[in-house]
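Asker: Produce the complete structure using the sequences and hints provided.
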Amino acid sequence: MKYLILLAFIASLASIICGYALDNVDNQKLIGFGVLGLFFVVIPLFSYHRWKNKKVEDYMLTKEKLQEMRDKEGDKRKL
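Numbers 1 to 79, taken from full-length UniProt numbering, label the letters of the sequence shown in order.
Hints listed in this document are in silico derivations from the structure and should not be mistaken for laboratory results. All values derive from a computational prediction rather than experimental measurement. Possibly wrong hints are sitting among the right ones.
Unchecked claim - Dumping the calculated BS3-like pairs for lysine-lysine here, alpha-carbon to alpha-carbon at most 25 Å:
no.	residue 1	residue 2
1	Lys54	Lys65
2	Lys65	Lys52
3	Lys52	Lys2
4	Lys54	Lys2
5	Lys2	Lys65
6	Lys65	Lys55
7	Lys72	Lys55
Claimed, not checked - Here are the simulated distance ranges between beta carbons:
no.	residue 1	residue 2	range
8	Lys72	Leu22	55 to 65 Å
9	Leu61	Val25	49 to 59 Å
10	Asp23	Lys55	44 to 54 Å
11	Glu73	Val35	42 to 52 Å
12	Met1	Ile31	20 to 30 Å
13	Glu68	Gly32	40 to 50 Å
14	Cys18	Glu64	45 to 55 Å
Even glycine gets a Cβ: it sits at the ideal position worked out from N, Cα and C.
Answerer: This is the structure:
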């Protein structure tokens, strides 16, 4: 998966660079396809790859976690 993401990133980046460097009629199309590839292929694949085995609940703020944070802050003030 990480090699697929790297390959898609390099292809998108190469498309953007070629769009700026080459002087032909399809410059804007190359730049556009490169940007679309980054935002609709690379970023979702990267996000999926990084969050694949994580629990979303660990990153959510709940009342219990807020209370734990307040308790820890109170302990620091006592010192």
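Asker: State for each hint whether it applies.
Answerer: So, going through the hints one by one against the coordinates:
Only pairs whose Cα atoms come within 25 Å are accepted, and Lys54 paired with Lys65 is accepted, the gap being roughly 18 Å. Only pairs whose Cα atoms come within 25 Å are accepted, and Lys65 paired with Lys52 is accepted, the gap being roughly 23 Å. A distance of roughly 12 Å separates the Cα atoms of Lys52 and Lys2; the hinted pair therefore holds under the 25 Å criterion. For the suggested pair Lys54 and Lys2, the alpha carbons sit about 17 Å apart, so the restraint of at most 25 Å is met.
Taking the CA atoms of Lys2 and Lys65, the gap is about 33 Å. The hint is violated against a cut of 25 Å. The hinted pair formed by Lys65 and Lys55 meets the criterion: a straight-line CA distance of about 15 Å does not exceed 25 Å. Between Lys72 and Lys55 the CA atoms are separated by roughly 23 Å; this keeps the pair inside 25 Å, and the hint holds. A beta carbon spacing of about 57 Å between Lys72 and Leu22 agrees with the range 55 to 65 Å that was offered as a hint.
Separated by about 52 Å at the C-beta atoms, Leu61 and Val25 satisfy the suggested range of 49 to 59 Å. Taken as a hint, the range 44 to 54 Å holds for the pair Asp23 and Lys55, whose Cβ atoms sit roughly 51 Å apart. A hinted range of 42 to 52 Å for the beta carbons of Glu73 and Val35 is consistent with their spacing of about 43 Å. Checking the proposed 20 to 30 Å range against Met1 and Ile31 shows it holds: the Cβ atoms sit about 27 Å from each other.
Hint check: Glu68 to Gly32, Cβ distance near 48 Å, so the stated range 40 to 50 Å holds. Between Cys18 and Glu64 the beta carbon distance is about 52 Å. The supplied range of 45 to 55 Å therefore holds.
Consistency with the previously given hints fails for number 5 only.
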